[in-house]
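Student: Chains as they are written, first to last, in our numbering: chain A, 1 to 351; chain B, 1 to 165; chain C, 1 to 390; chain D, 1 to 220.
The hints are simulated quantities; they were obtained by calculation from the structure and are not laboratory data.
In this text, all values refer to a predicted model and were calculated from it rather than measured experimentally.
Using N, Cα and C, we set each Cβ at its ideal position, and we do this for glycine too.
Careful: at least some of the hints might be erroneous.
What the hints assert, rightly or not - With a straight-line Cα cutoff of 25 Å, these simulated DSS-like cross-link-like pairs (lysine-lysine) come out: (1) K269/C <-> K311/C; (2) K85/D <-> K317/C; (3) K341/C <-> K314/C; (4) K258/C <-> K187/D; (5) K93/B <-> K139/B; (6) K40/A <-> K68/A; (7) K11/B <-> K367/C; (8) K139/B <-> K197/D; (9) K341/C <-> K85/D; (10) K142/A <-> K269/C; (11) K187/D <-> K200/C; (12) K314/C <-> K187/D; (13) K82/A <-> K142/A; (14) K37/B <-> K40/A; (15) K41/D <-> K341/C; (16) K37/B <-> K258/C; (17) K141/B <-> K37/B; (18) K201/C <-> K258/C.
Said to hold, decoys possible - Have a look at the derived ranges for each label pair, beta carbon to beta carbon: (19) Q32/B <-> P274/C: 12 to 22 Å; (20) F63/A <-> E129/B: 48 to 58 Å; (21) P130/B <-> P145/D: 32 to 42 Å; (22) D53/C <-> V196/D: 43 to 53 Å; (23) E147/B <-> P198/D: 28 to 38 Å; (24) L202/A <-> E61/C: 50 to 60 Å; (25) G306/C <-> S100/D: 42 to 52 Å; (26) L202/A <-> D53/C: 43 to 53 Å; (27) A79/B <-> L192/D: 41 to 51 Å; (28) S128/B <-> S100/D: 15 to 25 Å; (29) P82/D <-> P274/C: 52 to 62 Å; (30) T124/D <-> P274/C: 44 to 54 Å; (31) L28/A <-> M21/B: 50 to 60 Å; (32) P198/D <-> E129/B: 22 to 32 Å.
As the list claims (entries may be wrong) - Here are a few chain A residues that sit away from chain B, every Cβ distance over 10 Å (derived from the structure): (33) V9; (34) M41; (35) L49; (36) P77; (37) M176; (38) A184; (39) L202; (40) F205.
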Amino acid sequence: MHALLASDVPYWAQSLLRVLGGLVAVLLPAGTVVYLFLFKMMSFMQSRLGPMEAGPYGSLQLFAEVGKWLQKEDIHPARADKFLFKIAPLVVLASTFLLVVVVPFGPDAWFTNFEAGIFYALAVSSVSVLGILIAGWASANKYSLLGGLRAAGQLVAYELPMVLAVIGVVIQAGTMNLQEIVVAQNAGSMFGWDGLGNPYLLTQFVGFAVFMIAVQAELTQTPFDMPIAESELVSGYMTEYSGFRFLIFFIAEFATAGVFSMIAAVLFLGGWGVPFSWFGWTSLGDIDNWMNIVGPLILFTKMIVLTFLIMWVRFSYPRFREDQLQGFAWKVLIPVSLVNIMVTAILKVAF
Amino acid sequence: MAKPKVPGLLKGLGVTFGTLMRTVTEGAATVQYPHEKETPPIRARGVIALHEGNCTSCMLCVRSCPDWCIYIEGHKELAPPRRAGGAPRKVNKLDRFDIDYALCMYCGICVEVCPFDALFWSPEYEYSEPRISDLLHDKSKLGEWMETVPEAPELEAGAEKKGKK
Amino acid sequence: MTLIGDRQQLSYIAAQAADARVNVELETEGMTLNIGPQHPATHGTLRIIARLDGEQVVWAEPSAGYMHRGYEKLTEVRTFPQVTALVNRIDWLGSFANEVPFILAAEKLMGVEATPRAQHIRTILFELSRIANVSLFLGDLGVQLGAVTPVFFAFRDREYVLNLIEAATGGRFHPNFDRIGGLKDDLPAGFIDETRSVMKKLRNFCDEIENLLFGNEIFQSRTRGIGVIPKEVALQYGLSGANLRASGVDWDLRRDQKIAMAWDKADWKVITHPDGDSFARCWVRLQEVRESTRIVDQLLDTIPGGPVMVKVPKIIKVPEGEAWVSTENPLGEMGYYVVSKNDQGPFRVKIRSASFNNISIVPWLLKGVYVPDIITILASLYFILGDIDR
Amino acid sequence: MGVFPLSPADTTEAPRDERRETELGAILGALGGNVADSLLKPNDDIWVRVTTESWRSSIETIRSLGYAYFCFLSAIDWMPSPFGKGENDPTQPAPERDNSIVQGYTGGATRFQLLVRLVMPGSTSGVNIKCDVPDDSMTVESLVPVFAGANWHERETWEMFGINFAGHPDLRHMYLPQDFEGFPLRKDFPLLARIVKPWPGIVDVEPLPGDENEEESEQS
């Protein structure tokens, strides 16, 4: 994109492009995830077909749902704190948009490219907790409150293993810039063989496992969906929402799933890149311009694979209890990721 | 529980993935209702059909209905004699035969109790109405259901043929 | 049995701790949570009023009655065949099983007994309705614990059983097939072969559920040691069925009672579990579905020939007397105490439904547990609201 | 395979049921003077009626004999319903009904009787225990101290029949609204659904004009 920036695109057009790109980068994964996994894969796993009426194989069902939600009245409980109640879904969605900003889609296709990228990503991902807490508190509903508190406790507990899991990658790559992490993986080699690059999935598999579990919890997907827990808390912090505010929560949920999968793909699967040795590239500067088109597609494919994992687990497992979840985070995940960091650091120094 | 944690969790994933593949290869267990329909069994108690000619308005079905959802009105009239030269017969003429399907609980007691084989079960089920009052079927509508009444099914081996119904 | 003693003590200590927490000086304000009557986890409209301290239950009390239909009153103005149609609706998931004890009680008063073939077919349909009922429980268990998939498996496979029941009786949910002195009709041709293949599917379903849910470590950590009911308490509260057998009481009316049904013609075993916790209750039910499929398979081989109805008068008058008959229904012991005054209808029918007793233990059981465990415990106790409220 | 007994009228020789005879003997022996009446129907069941004063202690005694499983508790209103089955023609005068109170097995003297069934766990040896409810006080001792499970059953019985249970910890309505008045399972409580709507079976086929009394003359 900095090729574009170098040309004479005026600033307003650049901004417009970025906004449009951001929307696409958030909504496209969300829509795909919802249709492919929530509608179709879940149905197929349950011996049914899912939506079939709207469009071929129900592919337009999502638009129908969005239309339905947009038509609904924007209601709020009488005792609710109206301003907070209304702003909460936006806070949650904002966190998703903030997250997508640092994801690199190609050698030049990025929104921002700054040095502490992963640090920033992990920081803004917790903004959604604020939104959830606000939603739970402002709804004036006991189920919402319990859901919001659970969400807060859970997300705080899982933020830490996630950060610790990423540290391994950062140590190995020697940078916090996501773009450079991608390059480091694809330009790297394993014991001198560079046919696959060096995706950190292979060296950081412990980190990957911890990261994916933490993502599952961060996204409040089963088995960590206690904040929503429809059999206990009706719908947790979303209980009182309807219409387009619920839609925003819904989009945020699946868009965040997509964006986190993208970040996981960037960190562990080599992001948008293909192993550079295939085309004889050595550094970021060598890469042909067509990667700006193909790169996003590659990243998208990797994202689909990772969301498949997330959703597969979601549709198969029952949920934990809140205290078991905390125990799991503090007693298992955090020690494991600390050991992982230690081993990584030792090996890094050794080699 | 000799084995460590992993197997149970993985088995669960295996079950869902297996079902996914089965649905892809063998098709779903569900039926896309308005496009394809399952045929209910012959005995299915879908709707009650009335063979008006057999009804003698004896009121037995009305009186045995647990829900009081059958309404009959009738009057006596003279019919030509059976044999030539006989006295004219007095027969019961059916004026009204209504079943209120909003009340009916499909127990089938009326069909069973009918001594003249005027009531039958039909497996037809698509007669829902937007207005509840339309669920009161009168005798012409009940008569139309007669076309859908199937033959009684063959019985399983070892069954003793009964004389009637 | 020491196992139970220890756990009982632990749960007692937990309850005490919950009580004590309310009384300390630095008391935080509790919260009263209304679970239900409209709530995803209450099959029907059971309402649970829970006083919470954080997420821990200080006390909880179920409040029934949102679906009270007054069946005991309704039976007084109905004739015996009409009551049969009515009692179908008590436990609506296993409705054929509701008719059987009532008809048996009426037959006992009349002094008639159904033909061997009728008894046999009754038993087969009884077990089919148990399978239909409990398989849905197994699926629903998943939903209660947050797993979405099992319930669809349950609906899928229960459908085959319901199709069988519909093919034989004409009613999918409310068969109304039992008559005093036998059955309304004989089985339709092809029923036996069809049932055999369905039983295979059901065993397969049990394996699937076992792999998907019961083997899952998350499921086990959610259910093991949760809601332990010791044997003595279970007997005091009159728990029955799988809830009782999961507490280590080896008692199944199908085996222990001499009754005009065909269970003694099949080779099967009573499943018990010593633990008495939620997992034990669910596990016992899962195994019972397997045993039921075995019973059905064996009974299908040995259906005797002959009529399905003995001669009874067209208009039935039941002689004066009182009779109690209970059977081991899907939910537990279901019995009818029928008082007749030589009339077409009963004078008084006391319906002893299993869920009423099974749920009456809930206030005792819920003390000191966490909110998610309320759901686990309720799910594992397994009630049908129509069976509580009648 | 137990064959059900024929009704007493048809019995030519009474079948013996030695198991139940010993069981009943044990119960009667333990209860002593507290038994008002008892009945044994061979191959069927045992009924025991105990005196009202000894209600709780009798149940306790029977429980100590091994009948530890609490099956149910309820009551029976022996007064025949003044409304019949609700199948009266409202335009006609109400038909004469026999309103005399006749108790069932093991007799009794009051309109209401309590009924409890206890079972020996692991078997089907059960016993139906009845007890008269005094017509004036309508109060019986509560069984909750003996069987915790009696709690809900007594609440239900209190709500439906208006029988008070002295010593019950929490006598509240179970099903009905807390301010509901009346006791629905009493026979003199009308079943409104059967009263507000006339029975469709009242109407009969209209006769031919001009011949009223020839109902049974022509019948082929």
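Student: Look at each hint and say if it fits the structure.
Tutor: Taking the hints in turn, this is what the structure says about them:
Our distance criterion of 25 Å between C-alpha atoms is broken by K269/C and K311/C, whose separation comes to about 35 Å. The suggested pairing of K85/D with K317/C holds, with an alpha-carbon distance near 15 Å, which does not exceed 25 Å. With a CA separation close to 18 Å, the supplied pair K341/C and K314/C stays within the 25 Å bound. At roughly 34 Å between alpha-carbon atoms, K258/C and K187/D are farther apart than 25 Å, so this suggested pair is violated.
Of the supplied pair hints, the one linking K93/B and K139/B holds, its CA atoms being roughly 13 Å apart against a limit of 25 Å. A distance of roughly 20 Å separates the Cα atoms of K40/A and K68/A; the hinted pair therefore holds under the 25 Å criterion. Only pairs whose Cα atoms come within 25 Å are accepted, and K11/B paired with K367/C is rejected, the gap being roughly 34 Å. Annotation: proposed proximity of K139/B to K197/D holds, straight-line Cα distance about 22 Å (limit 25 Å).
Among the hinted pairs, K341/C with K85/D is consistent with the structure: their alpha-carbon atoms are about 14 Å apart, no more than 25 Å. Between K142/A and K269/C the CA atoms are separated by roughly 46 Å; this puts the pair beyond 25 Å, and the hint is violated. Among the hinted pairs, K187/D with K200/C is inconsistent with the structure: their alpha-carbon atoms are about 50 Å apart, more than 25 Å. Annotation: proposed proximity of K314/C to K187/D is violated, straight-line Cα distance about 28 Å (limit 25 Å).
Using a Cα cut-off of 25 Å, the hinted pair K82/A and K142/A holds, with the two alpha carbons roughly 16 Å apart. For a cut-off of 25 Å, the pair hint linking K37/B to K40/A stands: about 22 Å separates their Cα positions. This hinted pair checks out: K41/D and K341/C have alpha carbons roughly 18 Å apart, not beyond 25 Å. A threshold of 25 Å between alpha carbons decides the hint, and for K37/B with K258/C the separation of about 45 Å lies outside it, so the pair is violated.
Simply put, K141/B and K37/B have alpha-carbon atoms about 23 Å apart, close enough for the 25 Å limit, and the pair holds. For the hint linking K201/C to K258/C, the alpha-carbon distance of about 31 Å lies beyond 25 Å, and the restraint is violated. Against the hinted window of 12 to 22 Å, the Cβ-Cβ separation of Q32/B and P274/C comes to about 48 Å, which falls outside the hint. With their beta carbons about 32 Å apart, F63/A and E129/B fall outside the hinted range of 48 to 58 Å.
In this structure, P130/B and P145/D break the distance hint of 32 to 42 Å, their C-beta atoms being roughly 57 Å apart. Hint check: D53/C to V196/D, Cβ distance near 49 Å, so the stated range 43 to 53 Å holds. Checking the proposed 28 to 38 Å range against E147/B and P198/D shows it holds: the Cβ atoms sit about 34 Å from each other. Under the hint 50 to 60 Å, the C-beta atoms of L202/A and E61/C, about 56 Å apart, fit the expected range.
The hint said 42 to 52 Å for the Cβ distance between G306/C and S100/D, and at roughly 44 Å that hint holds. Range check, L202/A to D53/C: about 48 Å between beta-carbon atoms, so the 43 to 53 Å window is met. Taking the beta carbon of each, A79/B and L192/D are about 43 Å apart, inside 41 to 51 Å as hinted. For the pair S128/B and S100/D, the supplied restraint of 15 to 25 Å is violated, since their beta-carbon distance comes to about 50 Å.
Separated by about 54 Å at the C-beta atoms, P82/D and P274/C satisfy the suggested range of 52 to 62 Å. A C-beta distance of roughly 23 Å is found between T124/D and P274/C, which places it outside the suggested range of 44 to 54 Å. Judged by the Cβ atoms, the range 50 to 60 Å given for L28/A and M21/B is violated: they are separated by roughly 27 Å. Evaluation of the 22 to 32 Å hint for P198/D and E129/B yields a pass: the beta carbon distance comes to about 25 Å.
With a closest Cβ-Cβ approach of about 46 Å to chain B, V9/A is found to remain outside the 10 Å limit, as its non-interface label requires. Non-interface status of M41/A relative to chain B is broken: a Cβ of that chain comes within 10 Å, the nearest being about 7 Å off. Not every C-beta of chain B lies more than 10 Å from that of L49/A, the closest at about 5 Å, which undercuts listing it as non-interface. Separation of P77/A from chain B is adequate, the least Cβ-Cβ distance of about 32 Å exceeding the 10 Å criterion.
Residue-level check passed: M176/A sits 33 Å from the nearest beta carbon of chain B, beyond 10 Å. The Cβ of A184/A lies farther than 10 Å from every Cβ of chain B, with a closest approach of about 31 Å, so its non-interface assignment holds. Distance check for L202/A against chain B: the nearest CB is about 20 Å away, which clears 10 Å, and the non-interface claim stands. For F205/A, the requirement that its beta carbon stay farther than 10 Å from each beta carbon of chain B is met, with the minimum near 14 Å.
Violation of the numbered hints given earlier is confined to hints 1, 4, 7, 10, 11, 12, 16, 18, 19, 20, 21, 28, 30, 31, 34, 35; the remaining hints are satisfied by the structure.
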